[in-house]
Structure formats: C-alpha cells, structure tokens
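*Asks:* Using the sequences provided together with the hints, build the complete structure.
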Amino acid sequence: MTAVIMTVEPATPGAVESLVRACSPESLAWRFTLPGRPAPAWILVRYRSFLLAGTALVAKLGDAAVGLVNLVPEGEGRAELGVLVADAWHRRGIASALVRGLTEDPRWAGWTLHATVQVGNAPAEALLRAHGFHPVPTFERGEKEFERVVPTSMTSVMKEVVDGGVGEAGAGPDGVQRRAAAADAGRRRHGPAGRGGPRERATGIAAALLPRG
1 MTAVIMTVEP ATPGAVESLV RACSPESLAW RFTLPGRPAP AWILVRYRSF
51 LLAGTALVAK LGDAAVGLVN LVPEGEGRAE LGVLVADAWH RRGIASALVR
101 GLTEDPRWAG WTLHATVQVG NAPAEALLRA HGFHPVPTFE RGEKEFERVV
151 PTSMTSVMKE VVDGGVGEAG AGPDGVQRRA AAADAGRRRH GPAGRGGPRE
201 RATGIAAALL PRG
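Numbering (UniProt numbering), first residue to last: 1 to 213.
Honestly, the hints are just simulated from the structure, not real lab data. Computed from a prediction, not measured in an experiment: that's the story for all the values here. Hints are not guaranteed to be accurate.
[Said to hold, decoys possible] FRET-style restraints, in silico, Cβ to Cβ:
| id | residue 1 | residue 2 | range |
| --- | --- | --- | --- |
| 1 | G75 | S24 | 31 to 39 Å |
| 2 | K60 | D105 | 28 to 36 Å |
| 3 | P10 | R46 | 18 to 26 Å |
| 4 | T7 | P137 | 34 to 42 Å |
| 5 | E104 | I5 | 14 to 22 Å |
| 6 | D87 | V119 | 18 to 26 Å |
[Unchecked claim] Straight-line Cα separation of at most 20 Å, EDC-like style, residue types lysine to aspartate or glutamate; simulated pairs:
| id | residue 1 | residue 2 |
| --- | --- | --- |
| 7 | K60 | E17 |
| 8 | K144 | E104 |
| 9 | K144 | D63 |
| 10 | K144 | E26 |
| 11 | K60 | E9 |
Even for Gly, the Cβ is constructed at its ideal location relative to N, Cα and C.
*Replies:* Structure, rendered in structure tokens:
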C-alpha cells in the first residue's frame, strides 16, 4: 500500500458532491443499502442532506475530496457512524484514518457508536473490527450491526484490549494494522425493516460502510 498524505476538514456541499460523483453505483448501493445501481446524480438529489448530517468530515488529497465520515447523534450518548470513500482510493487507509480520528476524539468519550454493514461486505466488517467495534444482534435481514463504546481514558483503552478477547493481528483490507477489541453492547436502535431498501430516519441514513473493493 502506498502511503497517502491527506487533510481532514469539515464537509461542505461542494466536497460531498464531488466525492459522490467519484463513486461507482456499486459503491453507492453499499453505502446506502440500496438495490440496483443508483446513479450519483440520484443519490445527490435524495441523500445530500444525510451526507452532511451530524459531525461530517471530508478527507482531501490536494483539492480532491476522497473520503467522508459522518457521526450522527441519535440520543443521549449514542451515535451512528457512516463512511464513504471514492473508488479510486479504496484500500489506501483513508477510511481507517477517518474512523480513527473520530474514535480517538475525547469529545466522544463514553459514547456508544454503531454502524450497519450489509452481509457480504467483508472489508467493511474488517474496518470496524480493526477499530474495536464488535457485532451485536440485529433483526434486519441482510445486515449486520456493530458497536463500540469509546473509552473514557487510556486505562479504559488498555482494559478494552485485554478483556476484548477478539484480538486480531495483521494487515486489514485498507492496509492498516488491525486490532479488534470487544466493547460493552449498547441497545439496538429501532427502525423500519430494510429488506433491500434504504432506512431513512430523522438523524440520518443507515450507515453501510465502504469501501468494499
């Protein structure tokens, strides 16, 4: 994997638009849990506001937007995570850097973060496990749910690693060193059944993580 140097800054409508247009229909379908091959223009009409929801940070290489992370609060101490990376920049550590930046931010200490992944999206699962997320029960068909409690101190981090019981070493699909540690399971959010369609809610949209390929 070739190292990349990027900047991370608050997302803007222009950056989100250029990123979405740099993604393939397949990647967008995984991100939004949609059937078929949705066109970038259609995604921007319907979901632009969701891509700017919550804490929205964009990764840039020069002037090009190559990745986006959203962390959308859903209530006291709980937030939903979503990641999108342009196809040309998959497996370059961008998704990992974005997730790491949020999970190490002391503002989220003690919060339960969760994310939804479609069944079969192994790279997304590996990304989550590499950052301490663990699977929790879900009633949505074709989806998997992962959670992590952000540690409140370095002592909590060490305890999480020692007690997690899922330590996995090796290079992850995005080229970063993997470490998976279990965290306390929080409550499962309640939403309408997906069954191939997008799950829209007041705070955001189901966060099916990318990259896949």
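*Asks:* Each of the hints needs a verdict: does it hold here or not?
*Replies:* Cross-check of the supplied hints:
The supplied range of 31 to 39 Å is met by G75 and S24, whose beta-carbon atoms lie about 34 Å from each other. The hinted range of 28 to 36 Å is not satisfied by K60 and D105, whose Cβ atoms lie roughly 19 Å apart. Between P10 and R46 the CB atoms are about 22 Å apart, so this pair conforms to the stated range of 18 to 26 Å. The beta-carbon spacing between T7 and P137, approximately 38 Å, falls within the hinted interval of 34 to 42 Å.
Separation of E104 from I5 is about 19 Å and conforms to the stated range, judged on CB atoms against 14 to 22 Å. Separated by about 21 Å at the C-beta atoms, D87 and V119 satisfy the suggested range of 18 to 26 Å. A hinted pair counts as satisfied when its Cα atoms are at most 20 Å apart, and K60 with E17 qualifies at roughly 13 Å. For a cut-off of 20 Å, the pair hint linking K144 to E104 is broken: about 24 Å separates their Cα positions.
Distance check on the hinted pair: K144 and D63 sit about 35 Å apart at the alpha-carbon level, beyond 20 Å; violated. The straight-line distance between the Cα atoms of K144 and E26 is roughly 19 Å, inside the 20 Å bound, and the hint therefore holds. As the CA atoms of K60 and E9 are separated by approximately 8 Å, the hinted pair is consistent with the 20 Å bound.
Checked against the numbered hints above, the structure violates hints 2, 8 and 9; every other hint is satisfied.
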